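Produce the complete structure using the sequences and hints provided.
There are 2 protein chains.
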Amino acid sequence: MAVSEMEIGKWSVVAGGVVAARGFQVAGVRCGIKRKRRDICLLVCEDGEATAAGVFTTNVVRAPCVDWSESRLAAKGTAKAIVVNAGNANAGNGYPGEHDNTQMAQWAANALRVPVDLILTASTGVIGTPLPMAIIASGITDAADHLGNSPEAATEAAEAILTTDTFTKEYAVRFPLPESGAVVTVGGMSKGSGMIAPNMATMLGFITTDVAMASDALRSALVAATAVSFNCLTVDGDTSTNDSCFLLASGAAGNVAIGDTDSADYQAFADALTHVCIHLAKEIARDGEGATKLVTVRVTGTATTEDARKVAKTIAESPLVKTALFGNDPNWGRILAAAGRAGVRFDPKKATAYLAGTCIFAHGTPTKFDAPAVSKAMAVKELTIHVDLGTGDAEARFYTCDFSYDYVRINAEYHT
Amino acid sequence: MAVSEMEIGKWSVVAGGVVAARGFQVAGVRCGIKRKRRDICLLVCEDGEATAAGVFTTNVVRAPCVDWSESRLAAKGTAKAIVVNAGNANAGNGYPGEHDNTQMAQWAANALRVPVDLILTASTGVIGTPLPMAIIASGITDAADHLGNSPEAATEAAEAILTTDTFTKEYAVRFPLPESGAVVTVGGMSKGSGMIAPNMATMLGFITTDVAMASDALRSALVAATAVSFNCLTVDGDTSTNDSCFLLASGAAGNVAIGDTDSADYQAFADALTHVCIHLAKEIARDGEGATKLVTVRVTGTATTEDARKVAKTIAESPLVKTALFGNDPNWGRILAAAGRAGVRFDPKKATAYLAGTCIFAHGTPTKFDAPAVSKAMAVKELTIHVDLGTGDAEARFYTCDFSYDYVRINAEYHT
Chain A
1 MAVSEMEIGK
11 WSVVAGGVVA
21 ARGFQVAGVR
31 CGIKRKRRDI
41 CLLVCEDGEA
51 TAAGVFTTNV
61 VRAPCVDWSE
71 SRLAAKGTAK
81 AIVVNAGNAN
91 AGNGYPGEHD
101 NTQMAQWAAN
111 ALRVPVDLIL
121 TASTGVIGTP
131 LPMAIIASGI
141 TDAADHLGNS
151 PEAATEAAEA
161 ILTTDTFTKE
171 YAVRFPLPES
181 GAVVTVGGMS
191 KGSGMIAPNM
201 ATMLGFITTD
211 VAMASDALRS
221 ALVAATAVSF
231 NCLTVDGDTS
241 TNDSCFLLAS
251 GAAGNVAIGD
261 TDSADYQAFA
271 DALTHVCIHL
281 AKEIARDGEG
291 ATKLVTVRVT
301 GTATTEDARK
311 VAKTIAESPL
321 VKTALFGNDP
331 NWGRILAAAG
341 RAGVRFDPKK
351 ATAYLAGTCI
361 FAHGTPTKFD
371 APAVSKAMAV
381 KELTIHVDLG
391 TGDAEARFYT
401 CDFSYDYVRI
411 NAEYHT
Chain B
1 MAVSEMEIGK
11 WSVVAGGVVA
21 ARGFQVAGVR
31 CGIKRKRRDI
41 CLLVCEDGEA
51 TAAGVFTTNV
61 VRAPCVDWSE
71 SRLAAKGTAK
81 AIVVNAGNAN
91 AGNGYPGEHD
101 NTQMAQWAAN
111 ALRVPVDLIL
121 TASTGVIGTP
131 LPMAIIASGI
141 TDAADHLGNS
151 PEAATEAAEA
161 ILTTDTFTKE
171 YAVRFPLPES
181 GAVVTVGGMS
191 KGSGMIAPNM
201 ATMLGFITTD
211 VAMASDALRS
221 ALVAATAVSF
231 NCLTVDGDTS
241 TNDSCFLLAS
251 GAAGNVAIGD
261 TDSADYQAFA
271 DALTHVCIHL
281 AKEIARDGEG
291 ATKLVTVRVT
301 GTATTEDARK
311 VAKTIAESPL
321 VKTALFGNDP
331 NWGRILAAAG
341 RAGVRFDPKK
351 ATAYLAGTCI
361 FAHGTPTKFD
371 APAVSKAMAV
381 KELTIHVDLG
391 TGDAEARFYT
401 CDFSYDYVRI
411 NAEYHT
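Read top to bottom, the protein sequences are chains A and B. Start counting the first sequence at 1; every next residue gets the next number (the working numbering). Start counting the second sequence at 1; every next residue gets the next number (the working numbering).
The hints are simulated quantities; they were obtained by calculation from the structure and are not laboratory data. Just so we're clear, the structure is a prediction, and the values are computed from it rather than from any experiment. A portion of the hints provided could be inaccurate.
[Said to hold, decoys possible] Straight-line distance between alpha carbons at most 20 Å, and here's what the computed SDA-like set of lysine to any residue pairs gives: (1) B:K36 / B:D142; (2) A:K349 / B:H99; (3) B:K349 / A:Y95; (4) A:K10 / A:M133; (5) B:K350 / A:Y95; (6) A:K349 / B:T129; (7) B:K368 / A:Y95; (8) A:K310 / B:K310; (9) B:K349 / A:V60; (10) A:K349 / B:G94; (11) A:K350 / B:P96; (12) B:K376 / A:R409; (13) A:K349 / B:G254; (14) B:K368 / B:T358; (15) A:K368 / B:P96; (16) B:K350 / A:K368.
This is the structure:
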């Protein structure tokens, strides 16, 4: 992300990522879990506790950090800080793993002099290997000594949460609330790159804002935003044991706390949060393992949003569609066949499909499109597949990447 | 398949594939749709009509042959013959495609001098290209002139239904019915190799038997057999516009027609049919595009068969599991994580996983297995992943293959 300010529609894009919003400090340090990169991140609310919400993996195989953070948030709805380590997911480690996670939270609580129940945890990396607790202890102390709110601190933190990602993922926007007039910032960082695997992925998102908002409203906004962003993201269809997305609100913007989810201020905040989450999710797809391009699958013309989502997801996850995207093959047959097996009834004779802007299928049959020209239009870093099923007004988008030789190499050559 | 007889449990494996059962003739000829291989198959019941059943793709994008054959079977439950072409799926061709399919059936009906409603059709190959009707007409005439019931004729027919498959898939077994004592044969042929795609796949199965059986009972047996065979098969999760499996019964075994699905004779037939279908389905997975090994995913210890099926399917379709299999990586984390996202609740602490016979996960954590030894045990043509969830008595199996560089090459380098 460029760090200069620019206007995108109703929002100004600003520098500072996860500390662009007022009231937060962050540090990203290296304790030695990873070979070269920073691997411990501490994100802290400066004054008192932040209102906090989280969404977590639906996988029944869950790491202790997921259980810990979800139950803390359910009990309190506020948090002082999040401690994150990268390089070791602390998953599949049985009861000792649960103990280590609590110990990690306790060390962060000690460093910040707050009760342990105010600390959230996140881990990502190798599964089934015990956390190297001694270096994590010194890493947490080190991070607490280096907290700051500069854009550099934010980028160091964004590096400290990565695993096989090839670049950091940060974004922030600023906008005035339409009713109260207070200027609010929403920003964050994410990591992804592949999926669950013994030395890799997990999707993590950390969003901060200075808006003042009631706990329930904050949670509603996060659930809605993740439903159309991180939950519409697929690199290979595998959810992780550790997937988590957190939202902390400091209240430093000074507005009267928003509680009414029907208010214009709530809607403006929810829109900005959704925009930030979609941006951070797309960055994950762009950085998918072996990815050569970011692909948006847009499905329109269904009876319900859920129908559109199912069809978009099935297309976005199809290995045949993804290998065709890698090969710049305008393969309408694979797209339609994937749509057809999504579990949604439709009449192929009413379906239309567009690839990189060209109509390739209409009225139950392929159009006479210029295949070499469409193939050339596909040889880009970012493109859209649009399928309209012609049966309603609902729509949805999914974000994915192509399937390359490198995907197979990365995932076949690595050994547990 | 070896053509020699051998005993497998209660069945004798016999030569002759789709004409091993008495009462059928078949031909496989080349009319020129494919560059080199035979591409027209005609399978005929010798005397009168066969009792017939079929199961068809659940994809809402269906080729005209699927609609034609399904509605003929629903109306009559009998058939004289099946005409098959390979190299062109006649899908995505709009109304002209429907006309061409009917014309193909009519030509077969003319050659056999029977009403067109007694002819079933199947097509596989390129989507969105009109059928080359002139050569198909001559191909059907040619096939009708070369009908026979030798093992050679069966193998020629098994070749004539292939697309990108690298070998023919035939199998047949013979056994006595326990009650009536009549000796019955069940045999058939299949093709698959990949999935739907503009120049490839589609799963097709053609099974014949000489048993005499009521139409409803025959259909029940086929639905049950496909549920645990062809419907438990995944190469890449993509169903086709043309997937079909047919079962024709000539009645030439001379038994009193089986109508009672609770009878021992019915059960013996259903068991043999299931055995044949599983064999033919496994051959498809073994010949999956780019496959280097056939993998059986066995899931036990669930509350219901449906739960076991869901978990087995999710593991069998996971690109991460499939690339690990290609790389001979004993990656228990990917297997467990795939199980965890299948939509079935279970306690990971009760789960156990075995890879190529070695226990790699138990009590919520990996075992201290010898990774190089397990990796070596994975470097074979055929292996099993067994996951036990420890919560019930139900189980299911899925058949799949690994994901290799060649899978990406075959599917990315081909251009529509």
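### Message
Checking each numbered hint in turn, tell me which of them this model violates, lowest number first.
### Response
4, 13 and 16
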